[in-house]
Each structure stands twice: as C-alpha cells, then as structure tokens.
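K.L.:
Sequence:
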Amino acid sequence: MIRTTALATSLAMLAAAPALAGGYVAPVVDVEPVVVTPAPIIAAWTGGYVGANLNYGKTDTLDLGDGFSARPDGANGALRAGYDWQRGNGVFGLGAEYNFTKYKDDITGVDGPDGEARLKDLGMVFARAGYAFNDQTMAYGLLGYSHGKLELANGTTISETVKGPTLGIGAEHRFNENWSGYAEYAHTRFGTVDIVDQKVKLDQVKLGVNFRF
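Mind the numbering: the sequence shown is residues -21 to -1, 1 to 192 in mature numbering (1 follows the signal peptide of the UniProt record, and there is no 0), read in order.
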C-alpha cells in the first residue's frame, strides 16, 4: 500500500512538472530572409551586322528652266553595315550604307523627253538610338549624313556633288540569333544644288535584312 501510494505521487509530480516550469516552450529557429535577385538583362542587340535593303526613293521635282523638269525616282538596292550597343532597354548604334544603283527620270518639256536626270553614288553614315521592347523587337530613330551625285545628261553631262542631313525612323525584328529584318523611312535634305538652282530633297522607304554576329 505504501509502495503504491509513493508511485502514484511520483507520477503526479512528473505530470505536473511542465506546468510548474511554465508549460511547453517551442524551440526558436532563425529563418534567413529570402532575397530575390532580378534576372540580368541580356544585351541581345549588342554586336555587329551586315545586310542589304531594297528601297524606293523620290526627289522633289527639279525645275530645269525653259519648261523642262524631272523627278528622279525608282527602286534601288543598298548594302549596310554597323555595330550596336545595348544598355538595359536602350540601344545605340553606328553604321554606314551605300546605294549601288541610281534614281533617275527623263528630262521632259513641251516637246517630250530630252535627256535624263540621275541621282547616283548615294552613301550615308549614321547613328541611331532605339528602345528594345524585348530580345526580338526594337524601334529606333536615325540621324545620318548623306552624299551623292546629281547628273543632268542632255547631249553633254553636267554633275554636282550633293550632301546633307538625313532623318529616319524604323523598326527591327530578330527572327533568330543571327537574322533580323527591318523597315525604315528616311528623309534627306541636300540643300541648294547649283546646277538646278533649287533645294533638293529625297524621301526613301526601305525594307531590309541584317546578318548579326
């Protein structure tokens, strides 16, 4: 009987021990804060390229006097090369372009065609700045300096070097890692040309492809 009572008392004291000690205390675990690192922006547009475009261009009407006039226009082809740098969504590039054909038109008067006017050897160096919406598509503005030669052929040929600023806007889309296509509009002001005694302007629409590396 005495032994049974002592055992019961011991069990009661063991059961009461957690309560006397203030109850169960859960262990404290330090949790490291989770730091989310933003994914780095890949400079997909950084690199060089070479390419070509087909374009359509048209000058102002050239008033050649005595009722004669011409407006050189037509389809043309050009080669282009450049290099782009990307920082975040901004893209900046330098490049050059050369048209390997010419814009031309008959010199016409009251008696019909009499000679030909030609705008040829047209080249341009340019800088462009754009915004990359993603790794595939970019819109840009272009500022360039163009030069070429205006010829008037009527039995004899006279010519004059023309040059002036070019402003343009365009968009480029990458089809894959190496190939991209672009569409562009450019407006060039050559200033006053002595052989026609007037200011000459040129508007061009271009569709091209680039091989990027």
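Everything labelled a hint here was simulated from the structure, so no lab data went into it.
All C-beta atoms, glycine included, are put in the ideal place defined by N, C-alpha and C.
Accuracy of the hints is not assured; some may be wrong.
Stated by the list, open to error - The following label-pair restraints were derived from C-beta to C-beta distances: (1) L186 - R50: 16 to 26 Å; (2) T116 - R168: 53 to 63 Å; (3) Y35 - N155: 53 to 63 Å; (4) I174 - T116: 41 to 51 Å.
As the list claims (entries may be wrong) - Calculated lysine to aspartate or glutamate pairs in the EDC-like style (CA-CA distance at most 20 Å, straight line): (5) K128 - D84; (6) K142 - D173; (7) K178 - E156.
K.L.:
Decide, hint by hint, whether the structure agrees.
P.N.:
Each hint tested on the structure:
Roughly 22 Å separates the CB atoms of L186 and R50, a value that falls within the hinted 16 to 26 Å. In this structure the hint that T116 and R168 lie 53 to 63 Å apart at CB is violated, the actual value being about 30 Å. Under the hint 53 to 63 Å, the C-beta atoms of Y35 and N155, about 28 Å apart, miss the expected range. Checked against the given bound of 41 to 51 Å, the beta carbons of I174 and T116, roughly 43 Å apart, stay inside it.
With a CA separation close to 14 Å, the supplied pair K128 and D84 stays within the 20 Å bound. Of the pairs offered as hints, the one joining K142 and D173 holds, with about 12 Å between alpha carbons and a cut-off of 20 Å not exceeded. Distance restraint check for K178 and E156: the Cα-Cα separation of roughly 43 Å exceeds the 20 Å cut-off, and the hinted pair is therefore not satisfied.
Checked against the numbered hints listed earlier, the structure breaks hints 2, 3, 7; every other hint is satisfied.
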